[in-house]
Amino acid sequence: MTRYITHRLLLLPLLLLVYSFVIFVIIQAPPGDFLTSYVATLSASGTSISAEQIQALRHQYGLDQPFVVQYLYWLRELLHGNFGLSLEYRRPNADLIGEQLGLTVALAVMSFVLTWIIAVPAGIYSATHQRSVVDHVLTVINYIGVATPNFMLALILMWIAFAYFGISITGLYSPEYTDAPWSMAKFVNLLEHIWLPALVIGIAGTARLTRIMRANLLDELNKPYVVTARAKGLREWRLVLRYPARLALNPLVSTIGWYLPQLFSGSLIVATVMNLPNIGPLLLRALINQDMYLAGAILLIYSFLTIVGTLLSDIALAMMDPRIRMGM
Amino acid sequence: MPLTHTATEPLLSVRGLHVAFRMDEGTVHAVDGVSFDVHPGQVVGIVGESGCGKSVTTRAVLQLIDPPGRIAGGEILYRQGDAFIDLARQSPRSRLMRDLRGADIALIPQEPMVAFSPVHTVGAQIVEALMLHERLSRNAARDRTVELFRDVGISMAETRIDAYSWQLSGGLRQRAMIAMALSCKPRLLIADEPTTAIDVTTQAQILALLRDLKQKYQTAIIFITHDLGVIAQMANFVVVMYLGRVMEEGPVDDIFHAPKHPYTKALLRSIPSLQTEARTVLPAISGTLPHPFNRPSGCPFHPRCTDMVPGRCTTLVPALRALGPRQAVSCFLHGSEAEPA
Amino acid sequence: MQLDATVAAGAVEERIAVASNWTLIWWRFRRHRLALFSAGVLICLYIVVLCPDFFATQDPQQTDARQAFIPTQPLHLFDGGWNPWVPAIVGKRNPITLRMEWTTDPSRKTHIEFFTHGQPYRVLGLFTTSIHLIGATDPAQRIFLLGSDRLGRDQWSRIMHGTQTSMTVGLVAVTLSVILGVVLGGISGYFGGIIDQVIQRLIELLQSVPTIPVWLALSAALPRDWTPTQVFLAITVILSLVGWTTLGREVRGRFLALREEDFVLAARLAGCGRMRIILRHMMPTFLSHIIATSSLAIPVAIISETSLSFLGLGIRPPAISWGVLLQEAQNIQTLALAPWLLIPGLVVIVAVLAFNLVGDGLRDASDPYSH
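Protein chains in written order, with this note's numbering: chain B, 1 to 328; chain H, 1 to 341; chain X, 1 to 371.
Next comes chain B alone, as it looks inside the complex:
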């Protein structure tokens, strides 16, 4: 077990290295470099800059160097915790991201938790009450949940709330708390607001997980060990929770690997629509304005968060399933 975790932890920097290179390729792909856009921004604001100055800056940022050297420069700065400066905001990227990272992670975690606490019981109920009315209703909801893009759901909810109740459900706080320092009241206010976007982000995932849980459990319910447990005289619901549901959960844990990336993708869109403080909209703006080092830093953070999440899920799976734990 310990060996397994150590192994995975050692792999982590290597993975990040690979990601950083791919990301650097992507952010370097647009024509021109970041100075071109910088000069364009400057001249748009009326400041002119001489050719020599540009050349000097070029040299200063290493932009006259070959691609790989530029990458190594970037990597060196990253390792020193320097994510570069944002052109648009004229502030260090690290600060910009740092302000919103906490809430980004909070929203993803909240969404994840909601998904699981809805999907697992719903899946268990559906499987144990196969072909009941509730099972059919859940199936219909699931199909619609998977088919509705989450920004669409956000739009519909926002429109209903605005048009029929005259309230705005954007943002994560009531207006009076937006710039207030952290306090208990602000935290409570956050909890009051965060569940709706979390739910919207998680809806497709919830639908998928419910279906997986239902299918897994139906498989498990036919296994001979269930008959053994029944022949022992256990109460039905206790038996279901203790044996087949427990086993059906294992494959569900291994879905975290693909679910987390999906969660971050969803949060980017929903945060943009619902105007939430999140690194998603920040990335979108950075990409549209060709603020490429900011974009690169955010992409790297997304990769890091997913790798860590997947690692945690692998460890959880190993703890839950002795076949995996002891097979290591």
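Treat the hints as calculated values from the structure; they're not laboratory data. Fair warning: there could be bad hints in the mix.
Unchecked claim - Covered by chain X, per the in silico footprint, the following chain B stretches (three or more residues, Cβ under 8 Å):
#	region
1	147–158
2	286–292
3	299–312
Positions of the beta carbon are idealized from the N, C-alpha and C atoms, including for glycine.
Position chains H and X against the provided structure of chain B, taking the given hints into account.
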């Protein structure tokens, strides 16, 4: 083997049991009017080809038939004290059935490979039963489990109870299963082909173990198998089933030495013995088992029967007829009445 | 009586025994009513893809600032006998906001006709016609079946053209994914060893990246001066870059399992070449499965395209796709004023739902071991 119980009241008396599976394609009568008795301390062997309804019969006793199957008729009388309760009328989830399962009537399932949950230790799964029925504390239950493991011949019992089933060999798994089944000292043990999935050497050990334990715990056993050799070693009384119906039943000696029904005879002929010349072709029962939706009319065995009487056997269903004090057969050749349509 | 039943059963068995695998799949698929219905919906959508102009009532790009935010004009077929009409639009300037506010007036009817002449268009680049499915009797009269947007463009016609783009993106992206997935997955599963390891790690890498941010970054890297066709192709390529991984995995798994099968060994012993074994012996066994999986991948591609375009980094105006149309619905004040701008979203949901139902039906039907 002397029969010691004839005078005693049976522990379990199955009367005219019907189990039907209603499916989209039609209804399958998996068990179609089966009757037999189990007396205390006695081993009843149920033999038949796969799909003849022998497992379903015993699952019905435990009320463990999964939908779309259900008990469609008959009685399953189980003796408690001086009174009989009809298990066929109990709800599968009732308190009564739950209290009986595991405590009074225990099951050794067919495949020990998959009959334990792979993510719980073997010990935990036995401790659970002990805590449930014997109201033992966790520690006491654990101590009992270690004892049980020793009883069933598992060495290093203290460490083995913390093993997962997939860490144990097939033989050990089946021993652990037997330990679980016996944990609450049941009066009736249902062993559903307990040795089919196990290699021959281990099979002999398991059978010997079951015989010893029967003596020690005075448990009645319903032993299901398709292997007549195993029946000869284990059973006092034999029930021969074909397509959900009892063809013949009787004390083991009568069945083996004076079989009456053509099916029983055919089954016995197909056993190789030490006297059989090498390289002789064993007589097989001609024909194949019909599809469940395609049950033959009349006597279910008539399409494969060598002594079939055209007209009578093809249209009428023979009822079980007593031949001696305990032997009975359902065959027109032996004077069975036709069952009312 | 009994005999008849047996004979009938025998006949059924024989029919099953000689039916080809595809016939069997069709028989099983036919039993899923909902999947069958969804297949019908998809066929309708693809007919629109073939010729959106026939269904459009007017030029999807035609703007008229004076006809902004016109509400939907529901189609009525009868008016004391067959006489299709839509209610006329009445505009009134709001004295406070000074904005034109439109309402429908059912007492004033605009009569419409089917298969009427309108704006000429080319069909599949083959010939020119001016026949439209539907149009106002008076060709000068614009009708807005599903309302108009802030520039006074007809949403019905725009949805028809958006359907063409979005449904095609889905199909093309998935076709690319299937090609990539089958080739790479096949190589990975058939050859094994180092190649397999490399491809597997690549798949893991691609699957562990949040797709939307990466797609956004890639499409942000597309040159601004590309034509809509170039952007369209680039977007499909970008979508299939990640889309192939699921299929690649499945194909690999199938190959691994099949490699061990006796019939593959038999073919090898009979002296079949590698390519022949793969194409003639292995592929047919999981072709139906690939089709089912791809039909489940199309809706994912459609939602992805819609999301990218909605965020402004996918298909770019003036090209029209469902996502581009939904961009009009981004502002909540606008939505409150013109809720019909959400209709393209409903079309997305219906299309994705239909694909999922058909895909599930196909998957169940293609599993030879299901009952």
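Query raised in the report: Quick check: the region 299–312 of chain B, covered by chain X? Criterion 3+ residues, Cβ under 8 Å.
Result: The restraint on the region 299–312 of chain B holds, since 6 of its residues have a Cβ under 8 Å from chain X and three suffice.
Report task. Verify the coverage statement for the region 147–158 of chain B against chain X, using a C-beta to C-beta distance below 8 Å and requiring 3 or more qualifying residues. Result -> holds (count 8)
Query raised in the report: Checking C-beta pairs, does the region 286–292 of chain B have three or more residues closer than 8 Å to chain X?
Result: holds (count 3)
The structure fails none of the hints (numbered hints given earlier).
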